[in-house]
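Number of protein chains: 2
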Amino acid sequence: MKSHYADHAKVFKAFCDENRLKIIEMLQAGEKCACVLLENLKIGQPTLSHHMKILCESGIVAGRKEGKWTYYSISTEGVEAAHNLLTKLTTVTLTESVGETVCG
Amino acid sequence: MKSHYADHAKVFKAFCDENRLKIIEMLQAGEKCACVLLENLKIGQPTLSHHMKILCESGIVAGRKEGKWTYYSISTEGVEAAHNLLTKLTTVTLTESVGETVCG
DNA sequence: AAAACATATTGACAATTTTCGATTTAACGC
DNA sequence: GCGTTAAATCGAAAATTGTCAATATGTTTT
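If you're matching them up, the sequences are chains A and B in order. Its first residue numbered 11, the first sequence is counted upward by one per residue in my numbering. Its first residue numbered 11, the second sequence is counted upward by one per residue in my numbering.
Any given hint might turn out to be false.
For chains that are exact copies, the list does not tell them apart, and a pair is met inside one copy or across any two.
In silico DMTMM-like pairs for lysine to aspartate or glutamate, Cα to Cα no more than 20 Å straight-line [to be verified]:
hint: 1; residue 1: Lys98; residue 2: Glu87
hint: 2; residue 1: Lys78; residue 2: Glu49
hint: 3; residue 1: Lys23; residue 2: Glu67
hint: 4; residue 1: Lys98; residue 2: Glu28
hint: 5; residue 1: Lys32; residue 2: Asp17
hint: 6; residue 1: Lys23; residue 2: Glu35
hint: 7; residue 1: Lys23; residue 2: Glu90
hint: 8; residue 1: Lys98; residue 2: Glu41
hint: 9; residue 1: Lys20; residue 2: Glu35
hint: 10; residue 1: Lys98; residue 2: Glu35
hint: 11; residue 1: Lys98; residue 2: Asp17
hint: 12; residue 1: Lys98; residue 2: Asp27
hint: 13; residue 1: Lys63; residue 2: Asp17
Please keep in mind that the hints were generated in silico from the structure rather than gathered at the bench.
Go ahead and model the full structure; you've got the sequences and the hints to work with.
Below is the structure:
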């Protein structure tokens with residue numbers, strides 16, 4: 011049985027870099043070709059490729075190849091999964107009364 | 011007018027480190043003293059302090075000082091804010107028909 | 001088949017983040 | 001006040017991540 015901390019982290023890493031946030035922001039307006047994204051960012055092509063890989067692995071973004079080009083868009087399923095994971099990670103199962111917790 | 015990418019990233023950084031995920035997981039069972047968290051992690055005290063700072067700054071975790079001790083718990087408001095931010099960042103505003111996007 | 005173009009991969013370096021040891025601050029008990 | 005304990009801060013080392021230049025892969029066009 012494997013620890014899945016890394017898998018969980020992967021999802022939220024999508025939102026932890028300024029350029030990735032800019033990319034996601036652009037994708038909110040609809041599907042975009044990699045070349046269009048590149049035009050609107052101050053990074054090189056290999057760096058964009060690196061970020062797109064991280065975004066796709068997070069599940070938040072989906073890629074679609076069409077001939078020479080690759081089109082990216084926000085994945086509704088991925089976003090939903092992220093919401094569910096966020097809930098799973100942050101739901102408090104027990105609430106003890108204040109002061110119940112003892113220390114030392 | 012300031013760029014808010016850093017602020018947005020701050021929220022999700024809470025979930026991007028294995029030790030922070032372990033801490034959040036422990037807090038799901040209820041409020042915990044820092045010393046208790048420390049006992050259950052393979053990191054030193056200054057490192058825990060560093061992670062707790064990041065978690066508190068994300069809004070996901072809240073700290074409460076009581077004498078010598080500091081108690082941490084998951085912040086319902088912070089979690090809700092994270093959900094809202096996630097929605098804000100990922101909602102697609104327009105959906106053009108497939109193939110509408112032109113390249114080059 | 002060759003040239004041109006879009007994207008991915010590789011390897012090296014820069015920037016950031018995590019970690020620790022040492023020290024500091026603050027609260028408690030004697 | 002003095003010693004003890006809990007947590008924060010500081011400074012430096014280690015690990016990870018972001019970036020770019022060069023190259024490779026795959027597709028289209030001529």
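Structure-based check of each hint:
1. Lys98 to Glu87: Close inside one copy (16 Å) and across copies (16 Å); limit 20 Å.
2. Lys78 to Glu49: within (17 Å within a copy, 54 Å between copies)
3. Lys23 to Glu67: both (10 Å within a copy, 17 Å between copies)
4. Lys98 to Glu28: Answer is between; shortest inter-copy Cα gap is 16 Å, intra-copy 26 Å.
5. Lys32 to Asp17: For Lys32 and Asp17, the Cα distance is within 20 Å only across copies (13 Å; inside one copy 23 Å).
6. Lys23 to Glu35: Both. Shortest intra-copy (15 Å) and inter-copy (18 Å) distances satisfy the 20 Å Cα cut-off.
7. Lys23 to Glu90: Both: 16 Å inside a chain and 19 Å across chains, each within 20 Å.
8. Lys98 to Glu41: For Lys98 and Glu41, the Cα distance is within 20 Å only across copies (17 Å; inside one copy 29 Å).
9. Lys20 to Glu35: Result: close both inside a copy and across copies, 19 Å intra and 17 Å inter.
10. Lys98 to Glu35: Intra 25 Å, inter 10 Å, cutoff 20 Å: inter-copy only.
11. Lys98 to Asp17: Close inside one copy (14 Å), not across copies (23 Å); limit 20 Å.
12. Lys98 to Asp27: between (23 Å within a copy, 16 Å between copies)
13. Lys63 to Asp17: Within one copy, since 15 Å is at most 20 Å while 23 Å is not.
The earlier numbered hints are all upheld by this structure, with none contradicted.
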